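Top line first, the protein sequences correspond to chains Y and R. First residue of the first sequence? That's 1 in our numbering, and the numbers climb one at a time after it. First residue of the second sequence? That's 1 in our numbering, and the numbers climb one at a time after it.
A hint or two may mislead.
As the list claims (entries may be wrong) - If you anchor each label on the Cβ, the simulated ranges turn out as follows:
id: 1; chain 1: Y; residue 1: R330; chain 2: R; residue 2: L808; range: 31 to 37 Å
id: 2; chain 1: R; residue 1: D310; chain 2: Y; residue 2: L276; range: 36 to 42 Å
id: 3; chain 1: R; residue 1: T188; chain 2: Y; residue 2: H316; range: 48 to 54 Å
id: 4; chain 1: R; residue 1: R607; chain 2: Y; residue 2: G170; range: 19 to 25 Å
id: 5; chain 1: Y; residue 1: H316; chain 2: R; residue 2: L558; range: 50 to 56 Å
id: 6; chain 1: R; residue 1: T188; chain 2: Y; residue 2: Q334; range: 56 to 62 Å
id: 7; chain 1: Y; residue 1: Q334; chain 2: R; residue 2: P186; range: 57 to 63 Å
What the hints assert, rightly or not - Covered, in the sense of this in silico footprint (three residues per stretch, anywhere, with C-beta under 8 Å from a C-beta of chain Y), are these stretches of chain R:
id: 8; region: 213 to 221
id: 9; region: 517 to 528
id: 10; region: 728 to 738
id: 11; region: 764 to 776
Hints are computed from structural coordinates only; laboratory data are not their basis. Owing to the predicted nature of the structure, the values given are computational and were not obtained by experimental measurement. C-beta atoms are modelled at their ideal positions from N, C-alpha and C, and glycine is treated no differently.
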Amino acid sequence: VIDDIGAARDAALEKIATAAALDDIVRLDQELLGKRGTFTVLKSSLGTLPGVDERKAAGRALNEATSAVTEALEARRTVVTDAERDARIAAERLDLTEFVTAPRRGHSHPVTQAWERLEDVFVGLGFTVAEGPEVETDWFNFEALNMPESHPARTEFDTMFVDHAGAPPGSTVLRTHTSPVQIRAMLAGPPPLYLIAPGRVFRRDTPDASHMPVFHQIEGLVVDRDINLGHLAGTIEAFTKAYFGEGFTSRLRPSYFQFTEPSGEFDIRRPDGRWLELGGCGMVHPNVLRAGGVDPEEWSGFAFGFGIDRMARERHAVEDLREMFSGDIRFAEQF
Amino acid sequence: MKLSLNWLRDYVPLPDDVDRLVETLNGLGIEVGDVDHVGGVPGVVTARVVRMERHPDAATVIRVWVDRGDGVEHHVWCGASNFSPGDVVPLATVGTAMPDGRTIGSRGILGIPSDGMLCSPRELGVGGDHSGILVLPADTALGVPYGEVSGLVDDVVFDVDVTRNRPDAFGHVGVARDLAAKLQLPFTAPRPTLPALGNPAEATVEIVAGERCGRFTLTVLSGIVIGPSAAWMAARLSAVGQRPINNVVDVSNYVMLELNQPNHAYDLATLGGRDQAASFGGEDPARTEAAPAASRSERVNGIRVRTAKDGEQLTTLDGMTRTLTMDELLICDAHDVPIGLAGIMGGEHTEIGDRTSTVALEFAWFEPLGIAASVTRTGLRSDASARWERGVDAYGIDKSIARFVELLGETCPDLVVHTGAVDARAESLPPESRSTSLRVSQANRIIGVEVSRDEVARLLDPIGFTVTGDDPEALTVNLPSWRPDSTAEIDVIEEIARHYGYDNVPRRVPLSPLHGHLSPVQQRRRQVRAVLLGLGVSEVMPSPFLSADDLRRTGLDLEVLRITNPLVAEEDILRPSLRPGLLRAIAFNAAHRRPGVALFEVGHVYRPGPGELPDEREMLGVVLAGSAAPAAITAWREVAATLGVGARIDQGRVPAGLHPTRSAALVAGRDEIGAVGEVAPGVLDAYEIRERVAILELDLSTVLATEAKPARWKATSRHPSSDLDMAFELDEEIPAEKLDKAIRQGAGSLLVGLELFDVYRGPGVTDGSRSLAYRLRLQAPDRTLTDADTATVVAQVRAATEKLGAHLRQ
């Protein structure tokens, strides 16, 4: 019997060693160890052996053979499984560069991108973001900003007027700048104020490559105790570094605006040495503070403003501003 | 405004470093645009035309051979033929950098090279003439630099922007004063004096409109011989872009450009009225009676300053006849005939001519706002009006008259200034001396520096703001009459800052005591954008101006807000909806072979309203070309889930312009917060859009403002869940939304998930109904569900849905 067991074991191991597929392993498992399997049958035949010692020796031999076969089956199963997985992996190779469908994401407008980046920079500097209506009263748009009626500076704004039944003719305008938000913010609550006001503004300009009748501006306003021109220059410089990068610097030049005094324009110096004229700024005029209900003896402030579209245009080197507002998907997709 | 460096140097010894001067001017707020070097162009030499020849293949150019004094015939191509062999002309040799930026090359035409270029006056930067080549005197030496023979003066011209508060910078003297102060150089203003006066000559002045004209002086000058100006003056005027005309006109312009004093020289003989001029020398008893004070000329020559009568006409110097209104200020002759629009432009009739020998010289002061309003009304502007609008020194007149006489005397040695000059003044004349108080502490507070009283004086005195007083908190600053914009302390502080130098102020970042943040509305607006971008929708910003036709095509019949002065006459409507702009964009893209675009806009819409301002709201518009209504529902659900807002899809209310059977209003509580569905086929036809367009519109003013409560945590059950499929037959008239609600209500708290996974219409389902199949996921927080639990849920759901008229399918 022991010889039979040995022969069965050797035969089994040989079969196992040549099993090529997982199915063969499963079949062998059945054939050898299943209910009617070779070793199961052998086990049941042990009872018929005459002597106790003989039975014990045969039983030991059978156990050894069964474990050897079981181990061999498991080992072979692992080998075959790995081989089959490797074969599948090899067979299912993909050339990933074949998959060139365009991304389905939508495209944020470059003006929005600039707008949000600007907001983020100023939020980082401790500013909040204020908003106001696009249709404004001439009081907010002009008068409160130290431009009384008949002031010649008004004519420089190329204002569009709105026919609004609730107000006398000529006193409702499409805001020509975001500056009215300054006044609204001052009237809404006491200083200190550290805010920016991005928004859409309107001028009666014929569209061309660098002008649009509808465009976007960002206004900054700080009102606090003892705010001075140095704070304005420092803030512009901090913004310049944060928005454009460390290699950029800024300068202020005297200029003239009705709503600030002293007034200035600020330029950004690019790393290549070129200057980019960016916007206007200055110390908030005492009359403007007063219009906002702020006592100019107690508080002082600065304001600045520049074009958002301009920033987008510079960043992406857009040659014609009109393209930004054409609704052309071929433009939108580029950003 | 163009500034000549030579001219500025009459009053201040400026350095040669042009870059430094540009920096200094910019630092003073006088912004420099272009900088031009004028004078001879190096590389241009004189040459004599030897022969000229046409080329059979060149119709517009000729071949010219010239001699530059080296005895060699140099060949050039030339586009003009206003010269003949023997003429001396300027030749730009190869390599010459021309004033217009070109560099002369030798590339010719038809393969024949050109050894340089013959130049027109304009090409040489000496005037606007480009009709032909400049022909020089025949005895001009050959081969010498053109600048040398023509006496051209080398100069640097700065083209500067003058801000509204700096009328003085419209004159070379004003800029020189500013530069001298900044660079700490000596400033020497012109100090002309009048010569001994001649016999009296009368010209009368009557200021009728004293509120518009504060001062009017008229000085009679005789012994004038009209002729060309001296070369130096012509060169200066040319350098700053003023064409030399004759000695009187040139001096008039020169004084304006030097002292910012616009002025006018009338031919005295024309100021007596047109009828008078016609009978000059003859007897006219009536006229003599009307003018009893007439002396030598036996006529009254003079000026009346009054406002126009409505409909009154005047032919201005530009040859245009203008019809005036009563708001226009007129200069009239002694007989009340208009001869000029005050401060803006003279009339034709009184212009000085070649034979003028006696002029009446006007220096005046007009009220700036009145001139500005006239300019706006008439659309007529001039170098003079630009100055008047900003304010001219009312007290620089006497010096300016003397300067005029001094300069004219150079070409008119027999010039006589007559006694009897009139200096009429009226109520609008500003006071001669004005002052304001100044606190040094206030200057330091606004600028952010620490300057002393003496430093303030050192900065201000050189620009004519003289500081008096010792108490730094109560100084008096006398304001110069040439700076009419300066009236208050803050104006003086600006001057201190300007001359201290903005660059010298220490920069510091103010420490905001606030925490910087976006408001909830702003954060939620960004979330909306992010969701839409993720859904593959791109942002556009179309024009908010619409025509009536746009609204009609869109099927919107709304009360609208109009612009009274639109840029394009028919686009006078401020959009009441984002839809027309978005549909136009779809049509545009489709016309450019890009159908199927998905676009959104976040922007304001405007409607008439009862308040101080019209009704203005922020809207979201989403259009999905090539998609049907379900795509819009998906977009809505994504946005709603992100913002944590909900709304009923009310198909009973179809918004105007949308597809009647595939659209719904979004209703939250009682408010309509938007619309969802498809654009109406008729509207698509009107836009010539050939694909379906799914649309979502949302009132962001409302939706962003309603802040969602943070989601509240629910424990995730550790017990197994089980799924239950139930199909219902439901009448087509009843929205699935109601069935959904009934199921949820019936299933109660064990329901943790509900999905509509199949909608079926056809055999096996009653006509007019459809089958809706739902998968319910049931789970208890604290135990494993039993069959009894499931049976209870089925029974409850059945009961709840039957109330709605739904039948559970077996």
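Cross-check of the supplied hints:
1. The hint said 31 to 37 Å for the Cβ distance between R330 (chain Y) and L808 (chain R), and at roughly 53 Å that hint is violated.
2. In this structure the hint that D310 (chain R) and L276 (chain Y) lie 36 to 42 Å apart at CB is violated, the actual value being about 50 Å.
3. One distance hint, 48 to 54 Å for the beta-carbon pair T188 (chain R) and H316 (chain Y), holds here, with the actual separation near 52 Å.
4. Between R607 (chain R) and G170 (chain Y) the CB atoms are about 21 Å apart, so this pair conforms to the stated range of 19 to 25 Å.
5. Our hint of 50 to 56 Å for H316 (chain Y) and L558 (chain R) is violated, since their Cβ atoms are close to 36 Å apart.
6. The hinted window of 56 to 62 Å between T188 (chain R) and Q334 (chain Y) holds, with their beta carbons roughly 60 Å apart.
7. For Q334 (chain Y) and P186 (chain R), the Cβ-Cβ distance of about 59 Å falls inside the hinted range of 57 to 63 Å, so the restraint holds.
8. Counting residues of the region 213 to 221 of chain R whose C-beta sits closer than 8 Å to any C-beta of chain Y gives 0, which falls short of three, so the coverage hint is violated.
9. Coverage of the region 517 to 528 of chain R by chain Y holds. Counting CB-CB distances below 8 Å, 5 residues qualify, and the rule asks for three or more.
10. Counting residues of the region 728 to 738 of chain R whose CB falls under 8 Å from any CB of chain Y gives 0; the rule of at least 3 is not met.
11. Given as covered by chain Y, the region 764 to 776 of chain R fails the check, having 0 residues with a CB less than 8 Å from a CB of that chain where 3 are the minimum.
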